[in-house]
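2 protein chains.
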Amino acid sequence: MKIKKDELIENINTVDPQTKRREFLKKGVVLSTAAIASLGGIATNANAKYKIDKNNLPPNNPAWGLKWGRDTNHDPYGSPSKFEKHVVRREVPWLTADKKASVSFTPWQDLKGIIVPNGLHFTRCHGGVIDINPKEYRLLIHGLVKKDIILTLEDIKRYPSVSVIHSFECAANNGMEWRGANLNSLQATHGMLACSEVTGVPLRTILEDVGLKKGAKWMFPEGSDPAGVGRSIPIEKVLDDAILVYAQNGEALRPEQGYPVRLFLPGWEGVMQIKWLRRLKFDTKSWMVREESTKYTMLTKDGHALMYNWAFSANSVITSPCPERDWRDKKRGFIMIEGIAWSGKGTITAVDVSIDGGKTWKLAQFTSMQLPKAVTRFAFKTKWNKNSMMIQSRATDDTGFTQPTATQLNNARGKEGIYHRNAIQTWEVKSNGEVNNVHIYES
Amino acid sequence: MKIKKDELIENINTVDPQTKRREFLKKGVVLSTAAIASLGGIATNANAKYKIDKNNLPPNNPAWGLKWGRDTNHDPYGSPSKFEKHVVRREVPWLTADKKASVSFTPWQDLKGIIVPNGLHFTRCHGGVIDINPKEYRLLIHGLVKKDIILTLEDIKRYPSVSVIHSFECAANNGMEWRGANLNSLQATHGMLACSEVTGVPLRTILEDVGLKKGAKWMFPEGSDPAGVGRSIPIEKVLDDAILVYAQNGEALRPEQGYPVRLFLPGWEGVMQIKWLRRLKFDTKSWMVREESTKYTMLTKDGHALMYNWAFSANSVITSPCPERDWRDKKRGFIMIEGIAWSGKGTITAVDVSIDGGKTWKLAQFTSMQLPKAVTRFAFKTKWNKNSMMIQSRATDDTGFTQPTATQLNNARGKEGIYHRNAIQTWEVKSNGEVNNVHIYES
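Going line by line, the protein sequences match chains R and Z.
Position one of the first sequence corresponds to residue 0 (numbering that gives the first Met the number 0), numbered consecutively onward.
Position one of the second sequence corresponds to residue 0 (numbering that gives the first Met the number 0), numbered consecutively onward.
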């Protein structure tokens with residue numbers, strides 16, 4: 000409170016992500032004002048639209064200020080505004096043969112920040128959403144352990160827990176783009192992604208208690224839904240950062256996320272993060288089940304299938320504008336391009352943005368914390384003069400990996416893929432402000 | 000993946016908060032196994048309860064695994080499990096004279112992690128919850144600015160945004176304890192607290208664009224609900240970290256949190272974070288309105304009222320066990336004491352736990368990130384042999400401040416307070432596992 004006011008006014012900073020704030024405050028460093036110097040225009044334009052009558056302030060006193068509102072506790076478990084009913088998960092109707100083994104997508108076009116509310120977290124099921132009574136829940140741990148055991152939910156909750164923020168992604172996210180389905184929708188192209196704070200017990204804590212036998216190199220987690228989904232997990236990942244999760248964004252897991260307990264493997268394919276978990280078996284070798292042999296493998300150019308490609312590489316997409324949230328109602332002048340970047344292998348260190356289809360690139364700014372294996376927010380300020388643009392983003396993570404172009408990815412993997420597509424996405428902005436999903440291939 | 004498995008098994012760590020993980024991974028440091036060495040007991044006890052038939056695995060194949068689940072997208076905006084219907088906000092019926100100017104409390108006894116879901120974020124209203132049509136929303140900025148302006152919601156959203164995680168707290172949180180109301184409920188004693196990721200525009204960004212005049216030392220934000228709540232905010236806070244917030248935990252603000260735009264002042268009293276914001280006026284001096292003169296001042300021992308005490312000092316409370324979630328069904332043996340700590344002035348640096356009413360203290364472990372002006376999770380492992388305990392937690396933040404005892408706080412402030420109560424809270428655990436809210440005063 001002892002800083003001189005005028006100094007503060009002259010030394011403001013546009014972007015103030017939480018990870019930088021502590022350093023900023025500690026060092027007393029004043030960041031550049033350059034980013035904000037050319038923002039003028041909103042105030043002027045806005046002022047032109049609305050006449051201010053100084054004898055009648057505030058200017059509007061609409062119905063909502065003239066009568067009592069609803070009771071404070073009218074909705075003990077709340078819900079969004081009635082004006083936000085369009086913000087929901089959606090299916091791609093032709094994608095799956097039935098409604099049980101299907102997927103509903105996260106509406107990234109309407110989201111801000113890095114936390115996805117539980118009600119909007121994408122859902123992928125193989126046998127439908129089941130309702131487990133937590134009092135009847137049991138987890139069997141068996142195979143190469145010192146003693147087979149069965150744990151109740153209360154047993155699991157007695158172990159020390161951790162709470163961490165991480166992304167969740169289906170291996171098929173963006174998969175419809177391999178062969179150019181050209182869905183004109185961000186929700187359809189990148190909606191099999193979410194990010195949440197999860198709470199649960201590190202599996203290594205339970206395994207220290209139970210005792211692994213020598214030779215336990217793989218773990219088989221199995222769900223108790225009618226599909227009984229399972230995958231083989233290498234023991235190194237289990238002991239690194241695998242978590243038995245029972246809470247998400249503060250509250251109990253939702254049924255469609257595996258209530259009451261799911262496996263969570265930060266940064267790895269969603270299908271491995273078994274929901275409605277009923278057992279963990281340990282053995283010397285992997286099980287070669289359906290979801291890692293005929294499914295969730297990557298068809299390569301020469302026709303071979305690549306197995307055991309678990310962690311996601313760096314990826315990003317522009318969320319504003321996008322086909323669902325275009326610039327048709329936008330004025331000329333400065334405008335923000337915003338997006339998300341994520342990596343299953345580390346922390347996002349840089350995002351570049353292009354407005355000319357990848358010919359030139361400029362560094363975007365981070366507008367959220369940059370956490371490992373989590374969604375990170377970026378923004379890039381540009382001018383739009385009702386001109387057409389080809390806008391793209393490309394992310395780099397702390398492994399040094401940078402997202403490939405669609406051409407580079409096709410050259411490396413062929414065009415018959417389904418999984419792990421992380422090519423640079425292009426949105427075409429037309430001069431009327433319409434935004435379309437387009438594919439650019441270099442010759 | 001090149002770490003030797005046996006090394007990993009021998010060098011596991013109980014608690015792995017996100018802030019430490021990056022250092023851990025970078026340095027290759029292997030943390031202590033001491034914390035987990037004495038966890039044995041859960042596995043043994045669990046195994047004793049359930050007989051495992053090796054010819055019939057997994058052990059239970061209940062109804063939920065024998066028929067298809069619900070359609071994947073049966074609930075496009077999802078909701079919690081039907082087994083979690085008890086997790087809701089609640090009122091203290093006698094606390095307020097009516098249901099419009101009232102408060103509903105966050106159910107911390109059922110929450111995990113640091114993010115509070117939007118539907119469970121406590122609500123304090125002065126004239127009820129109103130529904131604003133975002134297309135009709137207007138924000139007037141006037142007074143000592145270069146030009147008065149009116150902004151629409153779209154105007155506000157065009158400015159560069161930030162997303163940060165911070166706590167929210169009502170100044171009256173824990174206030175009923177001053178005179179020992181002795182509500183036997185964590186939800187009632189500490190439920191006017193929440194923590195969320197918020198997204199919006201730093202006010203300094205807008206003010207750089209609009210232009211403050213010399214002499215603008217205070218800002219008056221006013222809500223458009225029927226109560227028209229307003230407070231005087233010093234310009235230093237406005238230019239430090241005030242945010243015009245339009246999204247919370249990824250989605251649009253909820254109506255009860257001020258949809259479509261509220262003011263947010265990290266770490267300061269909730270009543271200042273004006274909801275349904277309709278104007279910001281700038282002037283040379285404060286306005287001395289009701290909510291900073293007859294209300295939201297602190298009565299001191301000598302009968303004077305202390306004004307302008309904005310930021311919250313360090314505070315903490317144990318969330319498990321608590322009166323609503325006791326140990327009556329718990330077995331003898333090791334047991335986790337879990338809780339939350341927060342400060343409006345900085346970052347929590349330490350939490351101590353006592354099981355003997357404050358005679359001796361031991362350091363708890365953090366089980367979440369420690370972010371500035373945000374809720375932080377801690378846990379403490381102890382043994383419970385069906386003995387009675389007086390359990391307490393006390394938090395320290397990076398200003399060096401440590402939570403006072405109830406006696407110390409009363410000695411400093413008297414007993415007639417309502418606001419900013421952050422005394423060490425005591426839960427009595429009885430030998431039968433019941434937990435009660437008790438007050439300990441040193442002679």
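It is worth saying that the hints were derived from the structure and are not from the lab.
Wrong hints could be hidden among the right ones.
A pair holds if it fits inside one copy or across any two, identical chains being indistinguishable in the list.
[Claimed, not checked] Straight-line Cα separation of at most 35 Å, DSBU-like style, residue types lysine-lysine; simulated pairs:
id : residue 1 : residue 2
1  : LYS329    : LYS145
2  : LYS382    : LYS284
3  : LYS236    : LYS145
4  : LYS84     : LYS213
5  : LYS284    : LYS81
6  : LYS99     : LYS358
7  : LYS146    : LYS361
8  : LYS98     : LYS81
9  : LYS361    : LYS284
10 : LYS380    : LYS344
Taking the hints in turn, this is what the structure says about them:
1. Taking the shortest Cα distances, LYS329 and LYS145 sit within 35 Å of each other only across copies (25 Å), while inside one copy they are farther apart (65 Å).
2. For a Cα distance limit of 35 Å, the shortest separation of LYS382 from LYS284 qualifies neither inside one copy, at 56 Å, nor across copies, at 39 Å.
3. For a Cα distance limit of 35 Å, the shortest separation of LYS236 from LYS145 inside one copy, 20 Å, qualifies, whereas the shortest one across copies, 59 Å, does not.
4. For a Cα distance limit of 35 Å, the shortest separation of LYS84 from LYS213 qualifies neither inside one copy, at 54 Å, nor across copies, at 44 Å.
5. In this homomeric assembly, LYS284 and LYS81 never come within 35 Å of each other (Cα to Cα): the closest approach is 53 Å inside a single copy and 39 Å across copies.
6. In this homomeric assembly, LYS99 and LYS358 never come within 35 Å of each other (Cα to Cα): the closest approach is 44 Å inside a single copy and 58 Å across copies.
7. Only between protomers do LYS146 and LYS361 lie at most 35 Å apart by alpha-carbon distance; the minimum there is 34 Å, versus 57 Å within a single protomer.
8. Taking CA atoms no more than 35 Å apart as the test, LYS98 paired with LYS81 passes in both settings, with 27 Å inside one copy and 21 Å between copies.
9. In this homomeric assembly, LYS361 and LYS284 never come within 35 Å of each other (Cα to Cα): the closest approach is 47 Å inside a single copy and 44 Å across copies.
10. When the C-alpha separation of LYS380 and LYS344 is checked against a cutoff of 35 Å, the pair qualifies both within a copy, at 28 Å, and between copies, at 32 Å.
In this structure, the hints that do not hold are numbers 2, 4, 5, 6 and 9, in rising order.
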